[in-house]
Structure formats: C-alpha cells, structure tokens
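One-letter residues, chain by chain:
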Amino acid sequence: MNEFSSLIQFSIAIPIVCAFLTLFVKNWGRPAVQILGVAGFAIPTILALLLWLWYDPSEPGGYAFVSNFDTGLGIIGASLHLGLNGLSLPLFVMASVVGLAAGIFAAQSKAENLHRYLFCLLIMQSGLLGVFSSIDVFYFYFFHELALIPTFIMIGVWGGRERNYAAMKVTIYLTLGAMLSLIGLIVLYSKSGADSFDLITLKETLAAQPLSESVQRYAFGLLLFGFGILVSLWPFHTWAPLGYGAAPSSVAMLHAGVLKKFGLYGLVQIAAPLLPQGVGLWEDWIIWLALGNVLVIGFICIAQRDLKQLIGYSSVMHMGYAFLGVAAMSALGAGGVVIMMVAHGLTVALLFQLTTLIHHRAGTFEMDEMGGLAKKAPVLAAFFVCAMMASIGLPGPGLANFWGELSIFLAVYDLRNWLIFAVVAGIVISAIYGLRAIARVFFGEETEAFQEAQKEIAVKDITWAERTPALILIVVLVFIGLFPKTITTSLNDALRSEPVYSQTASLEIDE
Amino acid sequence: MPVDTLQQIAETNSWGSIYPELILGILALALLALEVVLPKFAHGLIPRIAIIGQLVLLGYILFVDPTGCCSGEAFGGMLLLSPAGQAFRVFFLASSIFVSYLGMVSLANKQLPRIEFFHITLVITGALMLLAQANHFVMLFVALETATVGFYVLVSYFRNNVLSLEAGLKYLIMGALSSSILLFGIVLLYGAASNPALAGSSVDSLNFANLKVFLQANPTDVMALMGMLLVISGVAFKIGAFPFQIWIPDVYQGAPVPTTAFLSIASKAAGFAMLISLVNVFEPLTDWLTPLLVGIAALTILFGNFGALTQRNVKRLIGLSGVSHAGFLLIGVVASMSVEWALTAILFYLFAYLLASAAVFGVMVHMPKEDEAELSLDDFADLSKKNGFLGLALAIGIGSLAGIPPLAGFIGKLLIFVAAFEAELYGLLAVAVIGVVVSIYYYFGWLKYAFFEIWKFNDDEEDREEPVPGASLGLFGKLTLLLAIIGTALLGFYQSPLGNWLAGS
Numbered sequence: 029m030n031e032f033s034s035l036i037q038f039s040i041a042i043p044i045v046c047a048f049l050t051l052f053v054k055n056w057g058r059p060a061v062q063i064l065g066v067a068g069f070a071i072p073t074i075l076a077l078l079l080w081l082w083y084d085p086s087e088p089g090g091y092a093f094v095s096n097f098d099t100g101l102g103i104i105g106a107s108l109h110l111g112l113n114g115l116s117l118p119l120f121v122m123a124s125v126v127g128l129a130a131g132i133f134a135a136q137s138k139a140e141n142l143h144r145y146l147f148c149l150l151i152m153q154s155g156l157l158g159v160f161s162s163i164d165v166f167y168f169y170f171f172h173e174l175a176l177i178p179t180f181i182m183i184g185v186w187g188g189r190e191r192n193y194a195a196m197k198v199t200i201y202l203t204l205g206a207m208l209s210l211i212g213l214i215v216l217y218s219k220s221g222a223d224s225f226d227l228i229t230l231k232e233t234l235a236a237q238p239l240s241e242s243v244q245r246y247a248f249g250l251l252l253f254g255f256g257i258l259v260s261l262w263p264f265h266t267w268a269p270l271g272y273g274a275a276p277s278s279v280a281m282l283h284a285g286v287l288k289k290f291g292l293y294g295l296v297q298i299a300a301p302l303l304p305q306g307v308g309l310w311e312d313w314i315i316w317l318a319l320g321n322v323l324v325i326g327f328i329c330i331a332q333r334d335l336k337q338l339i340g341y342s343s344v345m346h347m348g349y350a351f352l353g354v355a356a357m358s359a360l361g362a363g364g365v366v367i368m369m370v371a372h373g374l375t376v377a378l379l380f381q382l383t384t385l386i387h388h389r390a391g392t393f394e395m396d397e398m399g400g401l402a403k404k405a406p407v408l409a410a411f412f413v414c415a416m417m418a419s420i421g422l423p424g425p426g427l428a429n430f431w432g433e434l435s436i437f438l439a440v441y442d443l444r445n446w447l448i449f450a451v452v453a454g455i456v457i458s459a460i461y462g463l464r465a466i467a468r469v470f471f472g473e474e475t476e477a478f479q480e481a482q483k484e485i486a487v488k489d490i491t492w493a494e495r496t497p498a499l500i501l502i503v504v505l506v507f508i509g510l511f512p513k514t515i516t517t518s519l520n521d522a523l524r525s526e527p528v529y530s531q532t533a534s535l536e537i538d539e
Numbered sequence: 042m043p044v045d046t047l048q049q050i051a052e053t054n055s056w057g058s059i060y061p062e063l064i065l066g067i068l069a070l071a072l073l074a075l076e077v078v079l080p081k082f083a084h085g086l087i088p089r090i091a092i093i094g095q096l097v098l099l100g101y102i103l104f105v106d107p108t109g110c111c112s113g114e115a116f117g118g119m120l121l122l123s124p125a126g127q128a129f130r131v132f133f134l135a136s137s138i139f140v141s142y143l144g145m146v147s148l149a150n151k152q153l154p155r156i157e158f159f160h161i162t163l164v165i166t167g168a169l170m171l172l173a174q175a176n177h178f179v180m181l182f183v184a185l186e187t188a189t190v191g192f193y194v195l196v197s198y199f200r201n202n203v204l205s206l207e208a209g210l211k212y213l214i215m216g217a218l219s220s221s222i223l224l225f226g227i228v229l230l231y232g233a234a235s236n237p238a239l240a241g242s243s244v245d246s247l248n249f250a251n252l253k254v255f256l257q258a259n260p261t262d263v264m265a266l267m268g269m270l271l272v273i274s275g276v277a278f279k280i281g282a283f284p285f286q287i288w289i290p291d292v293y294q295g296a297p298v299p300t301t302a303f304l305s306i307a308s309k310a311a312g313f314a315m316l317i318s319l320v321n322v323f324e325p326l327t328d329w330l331t332p333l334l335v336g337i338a339a340l341t342i343l344f345g346n347f348g349a350l351t352q353r354n355v356k357r358l359i360g361l362s363g364v365s366h367a368g369f370l371l372i373g374v375v376a377s378m379s380v381e382w383a384l385t386a387i388l389f390y391l392f393a394y395l396l397a398s399a400a401v402f403g404v405m406v407h408m409p410k411e412d413e414a415e416l417s418l419d420d421f422a423d424l425s426k427k428n429g430f431l432g433l434a435l436a437i438g439i440g441s442l443a444g445i446p447p448l449a450g451f452i453g454k455l456l457i458f459v460a461a462f463e464a465e466l467y468g469l470l471a472v473a474v475i476g477v478v479v480s481i482y483y484y485f486g487w488l489k490y491a492f493f494e495i496w497k498f499n500d501d502e503e504d505r506e507e508p509v510p511g512a513s514l515g516l517f518g519k520l521t522l523l524l525a526i527i528g529t530a531l532l533g534f535y536q537s538p539l540g541n542w543l544a545g546s
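In order, the protein sequences belong to chains A and B.
So the mapping is simple: the numbering used here equals the position in the first sequence, first residue as 1, plus 28.
So the mapping is simple: the numbering used here equals the position in the second sequence, first residue as 1, plus 41.
With the rest of the complex left out, here is chain B (with noise of 0.2 Å):
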C-alpha cells in the first residue's frame, strides 16, 4: 500500500472517539497485571476492581457524554461513529457490569481461577462496542471473532464440570461453522462488488458505504445475493434465530449462570447491532432481504415460544424464551426498513429486555443448587415463602420478559407492535400475538412454581435441612436486582428518560 494512502488513513485515526473501548482494554490488561502485584488475600478486590471502573466508565458516558462525542466515519472508514452506536455502547457495558457481578457470586465458592473470567468480559465487551460501531466487514469480522472467542473461554469455564464442558465444544463447533458461513458470505459479497467490469465496483468494496452503492447498481446480482443470505445466515446464528436456534438450549444450558446470561443479553443485542446496519447496507436487496426476514421472524417466534412450552430446565427454557425475543425484536427490524422510528423500538426493546433478565438471571445466580446446569423448575417452589424478595424480583422480571404491563417490557412490545403496524407486516403480527399468548403459558408456570402452593410428595428429602435461597444476596446483590426491579417497573409507567435519549440517539 502506497505511504500517502496510510497517511491518509492515520489522519482518520480518531483514538479519543473510541475511549470507552480503550479504557475497558487498559482495565482489562490491569486486571491480569493486579493479579500478580496484588498479594493473594487480596485477590477478592479484583473483581471489585473491574466493577467499580465500569461503573465510572458508565457514568462518565452517561452523564458527560451521552450523545457520543463524535460522529461520522473513523479509522478510514473502519468505524461509523453515531448516537445509536453510543446507546449500544451503554447497554453492552450495563450488561457486562451486571455479568460481572454475576460472576463474582457464582466464582465466590469455586476452585477455579477468577480473574480470569473478568477479564474476558471486558475484552468481549469492548469487542462488541466496537462491532456495533463497525462500517467495514473486515472491522465486523474482527471484532466479532474477538468476541466469539472470548465466549468460547467463558462457556466452558466450569471447567471440572462435564456439561459445560459439552457446552464449549458444542459452541465451538457451531460458533466456528456460522462464523466460516459469515466469512463466506463476505467474500462472495467481496467477490462481486470488486469485479471492475460491472457498475458500482470499487477497490474498498468492503465498506459498507461502497457496498450499498454496489449494490444499488446491481441490485440482482446472483453472486451478491448468496453472500447477502449467507452473511444474514451467519448473523442468525450470533441471535438465535430460527433455523439456526439449534446451539442455544444445550449451551446454556452448560455454560455458568454469567455466562448464560451474557450469551443471552449482550452476545444477542449484539448481532441485532449488526444486523441493523447490515439491513441498512443490504436496503438495495429489500426484494429478497424482507421476505427472507419476515420467514425467520415469524418460524423464530414460534419455535422459541413452543420450544420452551415443555421445558422444565430452567437455563434451556430462558434460552428457548430468548429466541421468541430474537423473534420480536427480528419483527422491529423488518419494520426498520420502512417506518424510521422502529430503531427506537428495538432499543427501547432491548433495554427492556437487558432489565428484566438481569432481574432473573439475579435470582438463578442466588439459587442454591450444586450443580447450577440442572436448576429446574421444581427448585422454584415456594420461592416467594423462603425469600420474598427473589420472589418478586423473579414475578417482575418474568412479568416484564411476558410482556405484561405496566412492565417495561410491554412497552418494548407494544412499540414493536405499533411499527410493524405501520410498516404493514400483518401477518408477522398475528403470529407475534399467537407467540405471546403462547408464552404466557410457560412464563406464568414458572411464577406458578414460585408462588402458588404445589403439592408435593413427602419423601425422605424433606427431612434434609435445605439451603435457603438468597442466602449469598449481599448489599450489592440487593442493590442489584432492585435497580433492575425499580428500572423494569418505572420504565413501564413513564418512558421519558429513556425515550428521550433513544429518540434523541
């Protein structure tokens, strides 16, 4: 590459537009650096470390820069730099700060080496940023490997554990094969959008700005469509998304309670980052793009909700809920294409969503059970007697995720609703409203199990002193899930605050 063609990129390197990803990089290296300056007893501060400086690494954003700092393309292109992207910086790092906390509860009692864990969520935090933010393929491709290779350490991180180890492999080999599919699509998108003899070909045909107006010249090549269904196909692996589910109930079901739940929330919002600008980039294709779409959304929806019907594990029927999710918000995308105001929804959407699982997945993490893999629904009974604190924190957050108002995740609902409306997807609506009586079903027999009295057969176990769950819930761990139960309940009643700010991003 010609020196002025560097030059010309460096001067695009806008390192202060990227600080929050710098920051968790440098918080990341110093935690493995504490490690080993720290003596041993104070170990414990470490995890405490990491939290506390994603706190002010949050508030810094929150509160100084909301908006994101800069805007506009950097890094030559690399990275496109917009108030959406700072929003998905704000959930990813909530996200990573509540794993965090999940898995200092869930390391606290286990022979298994701590710092690492958290350091892996930083990187894969950062990764994500920065894959939310890409504007290149190659930048999406990197970050996202980042990321996924961070997932892989942290699924098997139980590593005496058979069945998170099962869970690694499973994800490794599935992890590996949607990101070759990814790559393939690519770099048969690469492929056609460089060939010099047809319109529109350019030399940086990766850029997704390039791309689009490749595609806009030619807007039926066959060569272009396969790498659009198979770069698509790879992004539903990343979300969960109908015929590509199949990893889901297995690994998290393996994999430790925090890393199920950053599966869930962050690794999910993820490829629903990238699949808003991908559906952006693809807009010329909207003829194949859209029914392509509205088939996933919908088979989505109703595998996820009847899945999850006969499911008594609770981490298998969490993820099985979560691809009914990946369904709802897949209805926001379509409807993204047409109505401009659907990108609020999807946000306001996965907000909800970040609330009402950190509500859930901090009462699993509080649940005593030896071997967390086989919590299942009959370790819920009574719930709301021995704790009743958890108790509510359960019924709001599954309320919230059920879609019941006046949660905020009937908010996130309705407003995905009223876009797909207008943007005229009917039917993915009447599958949306068959999906949500469905889920009621499954969602309200797990509240069922925690409230309503259960007959239960008087055997020998009864006699056994059982542990009570909540007995870890510290100061923090209360602080926690009333932030989330607080937030889940006042998001639903008034929606200014967040709203604001999403409209505003």
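One chain only, chain A, in its complex shape (with noise of 0.2 Å):
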C-alpha cells in the first residue's frame, strides 16, 4: 500500500459522485450543473498530474500506487487491484486531460437536459480512468464497459444526423468486439493454471509456464479480433466514421481520444507480454489488415467531404500504425505505440472539437460548402492547422505525434523492411487530405454557399470559452512533444522489464 495509492480511487469515484450529484442540482440552475460536471473532470486531471509528478514503480510488477481491494469475486480471482505502471500511467494522465477537455466543451453545449448529459459523460470518465489503472484483468475489461454503455446511450439521445442507426450499430459491433476479447480473457484466467484475473500473477504464472502454441494461436486470435473490433481494425472500422459522425463531440472527444485505445492498449499490456508467441503466429494477419487501415482507408480520407468524417476515418487510418507497432514485439515498437496513443488521443480529441466549432460558424460539414474561414477565424485557423499537423506527424519534433511515429516506423522496419514504403506512402496519404482539409476549408475564396450561411450565423473567431479545451490540449500535446523524455524514462523502463519485447533497439531517440 502506497501512501497515494487512494489518489487513483478518488480519480475514480469522484467523477461518479459528480455525475450523482449533477442530477440533484439540477434546479438551481445551468451554472450548478456546469460547475459540478466540470469540476468531475478537473479534480481527477489535478490528481492524475499529481501522480505522474510523483510517480515511483517500486512495488512488485514495476507498479506504482497500487491498492487492493476484494468486492467479492474471489471466486473467479478477480478483485479490484489497481496501480500504474510504466505504460499505463501516460494513458491515464492523457485520459484525465482529454476527458477534462471534454467535459469543459461539453457543459458549454447546447445540450438538452445539460444534467443528465454530463451524467453520462462523468460517469465515462470514470470508466476510462479505471481501465488504465486496473491491474486486475476482469476490471480492465468492466471499466471499459462502464464508458461504453453512455457512449451509446449519448449517441442515440444527444446525436447528430441517423444516430438512431448509428447507435444501433456501434452497440452491436461493439458489443461483439466486447464479447469476444472477454472470451479471450476468460481462456487466459483458465488455462493459465493461474485461477486468478491478476495480471502480476498472470504474468509470473505464464512467464514460468508458458501456454501451449494451440492455446496461444487461439487466445490470441481472440483478444486481436476482440480488441480489433474495439479498435476499428479493418475491415472491421465501419462503426467508427458512422458513430463518430453522429455522436455528439464531446462523446467523440472522448471515444476515438480516450476509450478506443483500450484495445490497443490491452494488445500491448496484456496480450502481447502473455501470449508472444500468438503474436509470432498471428503476424501476417495482423500486418495485412493493418495495411488495409493505412491504404485502404487512407484513399477514402482522401475521397471524403465531409469534414467530420474526415476525421473519424482519418483516426480509424492512424490505428494500423498502432497495429503495426504491436506486431514488431520490441521495445520500440511498443513503446511507440503507447506514445502515439497518447499523442493521437490529444489529437483527435482536438480536432473533433474544433471540427464541431467549424460547424457552428459555416452550418455544416460538408468542405465544399466553406473557404476562406481564416479571414473571419484566424484564431481557430491557427488551432485547426497545428491540430491537422500533428495528426499528418510531419512537422519534426515539436508535437508528441511525431515520436510516437517515428518509433513505430523504426520498429516496423525491423519487422519487415518493405513495410516502410507502405508506411510511408501512408504519410504522403494523410499529408494530401490533411492539407486539402485546411485549404479548403480556411482558405481560398469563400462559396457562395458559405455566403448563404453567413446571412444566418454571425461568423466569430473562437471565443475563450472555447478555446480552454483546445489549449489544454494543445499545451500538453506540445510540452510532450518538446520533452517526451517526460514519458519515456518511465516507460522505456517498464518496456525493458518485459522480456518478451525485442530489446535491440528502445526508447532513446529522445537523448
């Protein structure tokens, strides 16, 4: 027991007690509601940010903070172990900070019925910030479903355009990806001989007594559709641009930011350090389809109009990187994906909101509809074109994208060396449709369809209200950008500790 280890029970409770409590407040007034909902988010951030100042991996497992606690399902050998590690606590210092984004956007919405909103909203939070500092397996996967279930329920009541279907669909593929990696979860308690959910005990019993290679093939197989489908793996993805386009932002914000990285996540903690060898055999698949999401899915970035769907594809497109780190099973690779899973959950999370902001000045989303919004906006021209830039990962070390990136291309250069033209091509791709995005949208001559729009909405710049969510953002995609060593030593240590991760090259491009 860590003297601050209660720190991460109260990031977790206290979003649910806020989201309790917002329901109560409600008839004093919007400001109540506002200023409880936003303070569930920005209490947990305080002590997430506190955490990450003092985090030391001293206990057993390389983990920090770790506390125990029985609700009792000792009879499958779950209980609620929680703690940080190397990997998980950027994750969860990136989940506080997104979600915090978020929840400010959120309780400045036009939302109907603003408490039962933030309800929905706060108690995802909850959820997101349970997986990342679960060290118990069955939890990581309970939390996960504790964000999941508002998504859907925020989608269908707070959505925009065919939410009806969308919610619909997204439950269902969701719910499958859910069922299967929990298959997959369910094989690993058993067959381990391990009787336990706990991923330290886990980790020991199978690092002494590896499972067999048919076990690990279909374990393996499990968790990689499971959390694949969770993750948008092609071709697999087809909830993602749908859901995303008809959820509400902040519910985007936090679902391709926050909750989608709970697959990968799961890959790179879980599955990948206790089945290796599935990893091994399952190489080629995971490979192909993740080029699929890079090509594939870049092409129709490219063909797309429509901006917010631009952007769910665009995240769906980065995911194959992310996989594609995976399977290099070293250290770098790895290690470049929990980066770049940080760095793309400021990302998109970003550029969800201010593509909802580019929606309330032109009326819509469609690209051919706007121009030349940078004269009326030059602020949040200013904000979308760094957000567009970090999201390509091109321009050189000055946001966290690029790191998470480089690394990963490194690594998957040692996986198969004919890979980086894929990769690469797959750069140019998001620098066409990233850049088009931004001429079209803020530059040129404005149409006369976003003429006719301006007669009805007076076209401001972004108003500070809405710009505290995107500099949250953006100052902490930039501070890691600029010092990602941050990030890295602690990361690079609990990487080293994995004696499944390929050690040859690691985490040092930062020194």
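Hints listed in this document are in silico derivations from the structure and should not be mistaken for laboratory results.
The beta-carbon is built from N, C-alpha and C at its ideal position, and this holds for glycine as well.
One should not assume that every hint holds.
Stated by the list, open to error - Which stretches of chain A does chain B cover? Using the computed rule of at least three CB atoms under 8 Å from a CB of chain B, they are:
| no. | region |
| --- | --- |
| 1 | 191 to 203 |
| 2 | 440 to 447 |
| 3 | 462 to 471 |
Unchecked claim - Simulated crosslink set (BS3-like; lysine-lysine; CA at most 27 Å straight-line):
| no. | chain 1 | residue 1 | chain 2 | residue 2 |
| --- | --- | --- | --- | --- |
| 4 | B | Lys151 | A | Lys197 |
| 5 | B | Lys151 | B | Lys519 |
| 6 | B | Lys519 | A | Lys54 |
| 7 | A | Lys483 | A | Lys404 |
| 8 | A | Lys488 | A | Lys138 |
| 9 | B | Lys410 | B | Lys426 |
| 10 | B | Lys426 | B | Lys519 |
| 11 | A | Lys138 | B | Lys426 |
| 12 | A | Lys138 | B | Lys211 |
| 13 | B | Lys211 | B | Lys253 |
| 14 | A | Lys54 | B | Lys426 |
| 15 | A | Lys54 | B | Lys427 |
| 16 | A | Lys138 | A | Lys54 |
Assembling the complex is the task here: the two chains are given apart, and the hints tell you how they should meet.
Have a look at this one:
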C-alpha cells in the first residue's frame, strides 16, 4: 500500500460522485450543473498530474500506487487491484486531460437536459480512468464497459443525423468485440492455471510456464479480433466513422481519443506480454489488416467531402500504424504505440472539438460549402492547422505525434523492410487529405453556400470559452512533443522489464 | 405398510424444518378466512397483510436463519434440506412478494375476485419451495402439480379477457402434456429401478439417492435411459427450453402481468432447481445427459434470441428473451456437472435475473394500457420524457437482462461463462456469444423506444388526452422499483454480500 494509492481510487470515484450530484443540483440552474460537471473532470486531472509527478514504480511488477480491494468475486480470482506502471501512467494522464477538455466543452454545449448529458459523460470518464489503472484484467474489461454504455446512450439521445442507426450499429459491433475479448481473457484466466485475473500473477505464472502453441494461437486470435473490432481494425472499422459522425462532439472526443485506446492498450499491456508466441503466429494477419487500415482507409479519407467523417476515418487510419507497432514485438514498437496513443488521443480530441466549432460557424460539415474561414476566424484556423499538422505527424519534433510515429516506423522496418514504403505512403496520404482539408475550409475564396450561411450565422472567431479546452490539449501535446522524456523514461523502464519485447532498439531517441 | 415402517417415517418428520412452507400455507388460509370475517370496506387490507406476512418471513429467514436450520433428509427421505434449498426458498419468497405487489396494482381497478390471487400465489410459492428441496420423485411430482394447478388459475385470471382465457387453455393443455411426459418418465425409472433382477435395485427406488445407486450399477439400462429422457423433457417444458418452448409466447402474452412475471421468474427458477437435483441423480448417465443438455442449451439460446428479434409485443418479447435466459442457465447446469462452484454461478444468475425482471415487470404494470395483452413497444415511446423514473428503471432492468456491465446481469453471465470455460464447453460459449450479441439488438431496440425520440405520424390520436405512465405508482411502487434498481446496480459493483451467502450455501 502506497501513501498516495488512494488518489487513484479518488480519481475514479469523484466523477461518479459528481455525476450523481449533477442530478440533484439540476434545480439550482444551469451554472450549478456546469460547475459541478467541470469539477468532476478537473479534480481527477489534478490528481492524475500529481500521480505523474510522484510516480515511483517501486512496488512488485513495476507498479506504483497499488491498492487492492476485494469486491466479492474471489470465486473467479478477481479483485479491484489498482495501480499504474510505465505503460499505463501516460495513458491515465492523457485520459484525464482529454476528459477535462471534453468536459469543459460539454458544459458549454447547448444540449437539452445538460445534467443528464454530463451525468453520462462523467460515468464514462470514471470508466476510462479505471481502465488504465486496473491491474486486474477483469476490472480492466469491466471499466471499459462502464465507459462504453454511456456512449451508446449519448449517441442515441444527443446525436446528430442517423443517430438511431449509428447507435444501434456501434452497440452491436462493440458488444461483439467486447464479448470476443472477454472470452479471450477468460481463456487466459482458465488456461494459465493461475486461477486469477490479476495481471501480475498471470505474468508470473505464464513466464514460468507459457501456454502451448495451439492455446496461444486461439487465445491471441480472440483478443486480436475482439480488441481489433474495438480499435476499428480494418475491415471491422465501419462503425467508427458512422458513430463519430453521429456522436455529440464531447463523446466523439472521449471515445476516439481515449476509449478506443482500450484495445491497443490491452494488446500492448496484456495480450502481447502474456502470449508472445501468439503474436508471432498472427503476425501476417496483423500486418495485412493493418495495411488495410493505412492504405484503404487512407484513400477513403482522400475522397471524403465531410469534415467530421474525415476526422473519423483518419483516426481509423492511424490505428493501422499502432497495430504494426504491436506486431513488431519490440520495446521500440510497443513504446511507440504508447506514445502514439497518447499523442493521437490528444490530437483527435482536439480535431473533433475544432470540427464542431467550424460547424457552429459554417452550419455544415461539407467542405465544399466552406472556404476562406481563416479571414473570419484566424485563431481557430491556427488551432486547426496545428492540430492537423500534429495528426499528420510530419512537422519535426515540436508535437508529440512525431515521436510515436518515428519509433513505430523504426520498429516496423525491423519487422519487414518493405513495410516502410507502405507506411511512408500513408504519411503522404495523410498529408494530402490533411492539407486539402485545411485549404478547403480555411483558405481560398468563400463559396456561395458559405456566403449564404453567413447571412444567418454571424461568424466570429473562437471565443475564450471555446479556446480553453483546445488550449489544454495543445499545451499538453506540445509539452510532450518538446519533453518526450517525461513519459518515455518510465515507459522505457517498464518495457525493458518485459522479456518478451526485443530490446535491440529502445526508446532513447529523445536523448 | 407395516406399522414400524410408518413409525420410522414419522420419526423423521421434522415439521420445524419446513416452517417457511407451513407459514405460507397458514397465511394463505388466513387470507380466505379474513375475507369472510372482515367487513367489505376493509378487504383492501388483505393483500397488504399477505405482503407484510411474507416480508416478515423473508426477514426472519435472511437475518435469523440464513443458511437453513437443518440439513440432511427429512420426512422419510422425501425432502433433502440443504443451504442451496434455503437459497431457493429466499428466491421464491422474494419473487412471490414482488408478484403479490404486482397483483395489488394490476387488480386495483378490475371487477374480479381479488383475494384468491394472493391465496394461490402463496400456495404456489410454498409448493415451489418444497419442489426445490424434493429428494424423491413422488415429492417432486406432487409439489410440481400443486404449483402447476395454481398456475392454471392464475394464467386465466382475467376471465373476461379472451386472450387470458386462451392462454389459460393453452397452458392447461401444455401443462397437462408435460406433466404426463414427466410422469411417464418417472414410471419408467420406477419400473427399471425396482426390478429385483438388476443390481442396485431397491424397494424405495424413486428416492434420488437409491435411484442414483441403481443408475451407477446399470448406466446403460435402456428403460432407465428412456425414463431420463422423458423426465428431462418434462422439466424442459417448465423452463421453456427448446423444443418445448412453444407455449411461452402465447401464454406469456395472454396471462395478466403479475402471472407472466411469476411464470418467468419463479416457475423458471423452479425448473432449474429441479434440474440441478436431477442432474445430480442422473450423473451416472453423463455420457447421454451431457450431449442432450448441450444440444438443448444451444438451440434454446438461438431460438430465444432469434425469435425475440422481430417481436413487437412486449410480453412475447420478454417471454422469448426468457427462453434465451433459460439457455444461458442451462450452460451453467451443464457446467455444474464438472465444475463445483457453477451452482453458485447459477444461483447468482437467478438472483440477478429476479432483480432485473422485477424492474422490467414493475415498469410494465404501470403502463397505462386498457388491454395489457396488447402492450407493444410503441406504448413505451418517449417513456423517459413522460416519467423519468420509470425510464431509468426500465433501462437498468433491460441493461441487466442484456448482461451489460456494471449491472448484476453481467456478473451472472460472466460467472456462467467462466464456469462453462472451465468445463470446456467451447461450442456452447460460441453460441452464447452469438446469443448475447443478437440480444443486444432487441433489448436495445426496446430502450430506443423509451429513450430516443422516434418520429411519429401525427394523426388524430395525438390530440387525445393520453394517460401518463406511472400514475398508479405509489410510495410502495417506488420503493419496489428502487430496490430492484439499487440491487441490480450494487451487485454489479460489489458482489460480496450475495456471493458470500451463496458460496456458503
């Protein structure tokens, strides 16, 4: 028991408490609900930053802030075992930051029944923080579902066009993915002989006695496709653009930014270390499907006319790199995946928020009906350019995405030399659609449709209330971009202690 | 029968050990007496007396006698008292209290006899309790018939409603058929196990322990196998397992809501109580029994879920979804043959199912609809706007039935899945996953009506003053629903109280 371990428990519990409180203060007016809602996101963020500051992985298994609580599932060897290691700490912090941005943005939205909207969003946040701080594999899954259920409700109730269809499709796809991964986790529990869902125990047991090849094959297969559906692995990605297109923007921010990382995190933290042989057996599958993500979805992105769909598809596309990083099975690849998850989470949340702001001004997501917005809203344009540059991963070491993609590319080169061409082609594709989107929305002449729309909407630049969440995301993005060591040091230590990852190259690019 | 045998039997009569059943019987009779004694204006008190009496009994069992006062055989081997039996007692009592409450709401403004409903509910509950502890085929059959005859009446209780009468007739015919199949199976078992020429035969061959000894000695006896098959078929009727689920949609639709709830909660659980003890008896026949149950479970899950997909009538939907739940529970039963703690998983699942069903039926009974047999998904449109509390209760109940974390239903499903995996039932697990995914479609479809705005054709009916759902929701109704919601949510997060009690039982 660490003296700060209760901070994790608080950061999971506070959003839930605030969620229920918002239901009670709704009669005190909108400001009370807003303040309480934002507090529910802000306090865990402060706690997460403190945990980042005080992080010291001295406890068994390389974890810090460990606490254990038996809820009564001892019969299947599950208990609420919380803690953070080098892999989960960056994601935990990222989840809290994106949550704060989404929360502030949601609080100022014009949603009907704001208290219920914030209620759902706070429950989601609590689940997200739980996912990344669970050492127990069962609770890792449990918290994911806790975060997922509000998503369905929020898409269905507060969503945009096609929300009914989107909510149903997202629900069914993600339930299928979740069920497959649940069965995969049960395989780990049962076949390992550990009779425990505890990740540390599982690691020890399987290190001493690895599973047979056939078990590894189907266990990893279940986890790969289960998690894969959740991470929108091609060709199981169709729910993602549709769902993000229909979802209210705060939900899209939280889901695309944080919740979708659940599957990748599961692969890097659980599946790959426990089933190293399984990764090798499925390596070709991962490579080809991930190439589907990068190239096929990349071309779809180029053809996309709808800005929000474009962001949705681009987030699907970037997941391809992450899968390749997982397949590399090296400390460099896995580390790159984690950095990329953090950076991509911040970036895509930022993009979804800015896209909504553009929609407020242009009244549409159709890029053909915009143009010249930079003159009317220069600061918004600057933010968007910054976010899109980060998303492409191109411009030098100023933004966090670059480090993640660079490490993945190096790892992928070790995996299959020729893959580097495909991956670089992906970068070119990203640059094409990203820069074209910027050009169409912000530069050039105003289209007639946009001039028509301006008669009804007075186009202003981004307000301070709208700037706050965007600035939070940008500041963290730039901070990690300039000082990647703040997360890579602990990440590197955690990955070095994983014997299954090849150590020929490690994450020391920042030195 | 010689006198000393009778004396010997009489010595094992431990009346004190079946005090819950006795109290229920006395309470049932007292209700009838009170109807005669009390003046007419005070008759409204009688259902309350029934509910309070049961609550006191439940409280006594839970807090004073949680694991059962006695154990071992009683009444000459007719009953086997066990902690698991005590768990089933609590289950039936809780469902009976809930059904009595539903009855009170449902009968409030109907020109029908009232008191008999509560009387019969109590009698059925007592019979089901005995059924769960039966250790002898005669006891099993008598208890089962007592409950089934009671259900005949309850199903057709709305005697001025055609659908209710139709349901009653269908249930009568199907019930009689299933009872006769069961009886035929019992007779075959009796015939086989009483044959003095065979090893392990005994005079009292219908006693579960004696029968098991016989089956161990003759695991390939054809007559015994036929008997086993027929007995399992008879039980499959009760739990609504494939291919004996055909009666469920019609009967559930026509029966009054309280009866539907009683059938889908208590009657189903009673079938599983029987099945758990029968699986133990038929253990020597595992080679035949396991494939049989595996096949039934897989087809039950598939039929229930795919059948429910297209239903718009709520009671038919809940009936078919109940069929799929029977399938999931059957997985647990199959697993319990090789995994010891699977029994705990089944009981946990049943309690989670009870709480979730309580929430769903509790909402259904408060929907304003003249003919409740016609209650369809459209009637739930915009429920969350009209009455947020009922909407929440429905969401939690359905979410738990669908097995969505962090609700109790998810933990139940998880325990069953883990048990099934440990029992190496991989094929069944695959079917179960398909079932869960399909079920999301109709459960979620129901919630869609209640929560999402559905574009409606604006015809003349819109102008009519619509009754508000939940107008009949009194303090007691709110408390009942609140209990179901909180129980469901709490068990999802913190399972210790129920889990430890069940594991101890």
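Okay, the hints, checked on the actual structure:
Check on the region 191 to 203 of chain A: 7 of its residues sit with their Cβ under 8 Å from a Cβ of chain B, so the three-residue criterion for coverage holds. Counting residues of the region 440 to 447 of chain A whose C-beta sits closer than 8 Å to any C-beta of chain B gives 0, which falls short of three, so the coverage hint is violated. Against chain B, the region 462 to 471 of chain A contributes 0 residues with a C-beta closer than 8 Å to a partner C-beta. That does not satisfy the three-residue criterion, and the hint is violated. Straight-line distance between C-alpha atoms of Lys151 (chain B) and Lys197 (chain A) comes to about 43 Å, which puts the hinted pair past the 27 Å bound.
With a C-alpha separation of about 22 Å, the suggested pair Lys151 (chain B) and Lys519 (chain B) falls inside the 27 Å cut-off, and the hint holds. In summary, the hint linking Lys519 (chain B) to Lys54 (chain A) is supported, as the alpha carbons are separated by about 21 Å, within the 27 Å threshold. At roughly 14 Å between alpha-carbon atoms, Lys483 (chain A) and Lys404 (chain A) fall within 27 Å of each other, so this suggested pair holds. With a C-alpha separation of about 17 Å, the suggested pair Lys488 (chain A) and Lys138 (chain A) falls inside the 27 Å cut-off, and the hint holds.
Taking the CA atoms of Lys410 (chain B) and Lys426 (chain B), the gap is near 18 Å; set against the 27 Å cutoff, the hint holds. This hinted pair checks out: Lys426 (chain B) and Lys519 (chain B) have alpha carbons roughly 17 Å apart, not beyond 27 Å. For a cut-off of 27 Å, the pair hint linking Lys138 (chain A) to Lys426 (chain B) stands: about 18 Å separates their Cα positions. As the CA atoms of Lys138 (chain A) and Lys211 (chain B) are separated by approximately 54 Å, the hinted pair breaks the 27 Å bound.
The straight-line distance between the Cα atoms of Lys211 (chain B) and Lys253 (chain B) is roughly 35 Å, outside the 27 Å bound, and the hint therefore fails. About 16 Å separates the Cα atoms of Lys54 (chain A) and Lys426 (chain B), which keeps this hinted pair within 27 Å; it holds. Using a Cα cut-off of 27 Å, the hinted pair Lys54 (chain A) and Lys427 (chain B) holds, with the two alpha carbons roughly 18 Å apart. The suggested pairing of Lys138 (chain A) with Lys54 (chain A) holds, with an alpha-carbon distance near 15 Å, which does not exceed 27 Å.
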